[in-house]
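Asks: As a plain string of letters, each chain reads:
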Amino acid sequence: MLIQQIINGLTLGSIYALFALGYTMVYGILLMINFAHSEIFMVGAYCGFWFLSMLPFLSAFPGLLIPAMFLAAIIFSGVLAVLMERVAYRPLRRAPRLAPLISAIGVSIFLQNLMMLAVSAQSQPYPESFNITRFQFYGATVNSLQIFIFLLSIVLMVLLEIFIHKTKVGQAIRAVSQNHVVAQLMGIDVNKIIAMVFFIGGGLGGVAGVLNGMYYGSIKYNMGFLPGIKAFTAAVVGGIGNIRGAIAGGFILGLLEAFSAGYISSENKNIIAFAVLILVLMVRPGGLFGEEVTEKI
Amino acid sequence: MKSAGRYILPAIILLLIVFPLVFLHSNPYAIQVAGLIGIYLILCLGLNITIGYTGLLDLGFMAFYAIGAYIAAILSINNVSFWIILPVCMLAGGVVRWLLGLPLLKLRGDYLAIVTLAFGEIVRIAANNAVSITNGPKGLPRVGERFSSINFFSIKFTENIHFYYLILFFVFIAIVASRRLENSRLGRALVAIREDEVAAELTGINVAAVKSVAFVLSGIFGALSGAIYAHWIGFISPEMFTFWESVFLVAMIVIGGMGNISGVILGVFLLVGVPEILRDTLGTRFVDYRMLIFGAVMVAVIIFRPQGILPSKRRALELEAHV
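Line order of the protein sequences matches chains U and E.
At position 228 of the first sequence (counting the first as 1) the number is 248 in our numbering, and the numbers step up by one without a gap.
At position 233 of the second sequence (counting the first as 1) the number is 234 in our numbering, and the numbers step up by one without a gap.
Chain U on its own, in the form it takes in the complex (with noise of 0.2 angstroms):
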């Protein structure tokens, strides 16, 4: 039981800290909340549905075609979420701070509906990309599928973190998200580097989604928003502009919604991720790993 709880949790934990990272690292560049990122993980994940429905023929080569249904969805979120920067938020770098968080409302609501106006108001089932074998493991179910999510949000966690730490582009992110104005005294291109942020992010967000999609099996226009919420929530729980934080946030979240499923009652769940997210922040405004941020004045 107690193994079992905790191979969900990973795998959900590795869906929400994916998704986590595009609200975080937005967060730490522009200091808005991308409510709108949700929509990403949505679209994200109908991508990849239509890659595996509509490239039938792809699946005689398996070993091809999951890398191919990833990238496709890397590269659709990504876009979708550089034009969306493009479109609604950079008009608004300058305006009150509610002004892009109303803005990104309306592409949320914009997307979904056109979503569910081009594809369909019910959901769909995900089609079968994959041979799901079951392993025991200590009492416990453990399968491929779950295997796969785990290692795969690693993999990209990791490639994300030498990306961010090692290579020039990383660095020049790291200063733009601490001042941007100094960023483009020494010649940053600002706006370049936030549109990679916002694909970077994006990207991430649509994995999420496809993820999301082949582990529950089914897809629909509204599919973002409860795992929005608990993705964002994530991300403040690690402290929001903070990757690592963004990460250990997906994982605590996930393993606490299993846990609570498990032990508790999976009815509330719900309410019990959000009531710890409400304790962490009385004990600890700034988020577990969030620095003290002392107010400017």
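One or more hints might be untrue.
Claimed, not checked - DSBU-like, lysine-lysine: derived pairs with alpha carbons at most 35 angstroms apart: (1) E/Lys139 <-> U/Lys240; (2) U/Lys289 <-> E/Lys107; (3) U/Lys240 <-> U/Lys212; (4) E/Lys139 <-> E/Lys157; (5) U/Lys186 <-> U/Lys212; (6) E/Lys139 <-> U/Lys289.
Claimed, not checked - Covered stretches of chain U, as calculated for chain E (at least 3 residues, CB under 8 angstroms): (7) 115 to 124; (8) 147 to 155; (9) 293 to 300.
To be verified - From chain E, some residues computed to sit far from chain U (all C-beta separations above 12 angstroms): (10) Ile156; (11) Val192; (12) Ile234; (13) Trp245; (14) Leu279.
It should be emphasised that the hints constitute simulated quantities derived from the structure, not laboratory data.
Don't be surprised by glycine CBs; every beta carbon is placed ideally from N, CA and C.
Mind docking chain E on chain U? Use the hints.
Replies: Same frame as chain U, but now just chain E:
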């Protein structure tokens, strides 16, 4: 100019009182939409105290609407008079809001937003799961039960038009209260906190207490609105209090113009009234595209008027934020 301005307000009030009588038989739907706008006005004017004046982002305000609606429904089913229910709901809304504010008002802006969001979801999910009290997703009243009707002297509130006048009355109270607050010592303290908390503290404002008062005032209006709505519609379910509804309230305030009463009124009219009018005039084929267009228009409006359509004069005087 000044003499003409004196007549505008009475004219509007007169128009609002006469308007439903004109449509009473020709278009009862108009009265219903007007009532709905009024309900949202009370909510938004309440929320405006938190967001517009004090600058605290609240993404779970529907929780207080829900608290008001559920308390009203439960009491009403047990034959408690509406005129007793109303103060009870307002008190409950205020107390819960106060308790929520105790630990939360210390948080920085965006953290406060996420915690209020979480609280909103907790209230909704709890209403959904506490079947013995709230009848869960099936909503209240249960089969065989009914709300007791509102009696005002000998008038029994049964028609939309009765509720229209009831709502109108409370909208006026909310507007007058907001106006009085805006020009009061407390209102100026709220604005000072919004502009610079540290400076406000240094001028001798008790920041924690003042924020708490603003928070509680909002909660009272939220619960009040919920209590009236429950009686009017005669049915409530957790589905009415989703996160989207809370976000919508924020959108109304920001699009109209934060911290400006006329702005809030305009925002409510645009976001509640216009979609309903469009539904009526453009026919059923359009209904599907309504929300799609709505989302796009929302982005366009905020890009062209980031301060809202009718920006608050006081906000325009604000020094540029250093963040």
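Asks: All hints are to be evaluated individually against the structure, with a verdict given for each.
Replies: Okay, the hints, checked on the actual structure:
1. E/Lys139 <-> U/Lys240: 23 angstroms, holds
2. U/Lys289 <-> E/Lys107: 27 angstroms, holds
3. U/Lys240 <-> U/Lys212: 33 angstroms, holds
4. E/Lys139 <-> E/Lys157: 27 angstroms, holds
5. U/Lys186 <-> U/Lys212: Roughly 19 angstroms separates the two Cα atoms, so the pair holds.
6. E/Lys139 <-> U/Lys289: This hinted pair holds, its Cα atoms lying about 20 angstroms apart.
7. 115 to 124: holds (count 8)
8. 147 to 155: n = 0 at 8 angstroms, threshold three: violated.
9. 293 to 300: Held - the stretch 293 to 300 of chain U has 4 residues with a Cβ nearer than 8 angstroms to chain E, which meets the minimum of three.
10. Ile156: 41 angstroms, holds
11. Val192: 14 angstroms, holds
12. Ile234: At roughly 24 angstroms from the nearest Cβ of chain U, E/Ile234 sits farther out than 12 angstroms, so the non-interface label holds.
13. Trp245: Answer for E/Trp245: violated, closest chain U Cβ roughly 8 angstroms.
14. Leu279: 14 angstroms, holds
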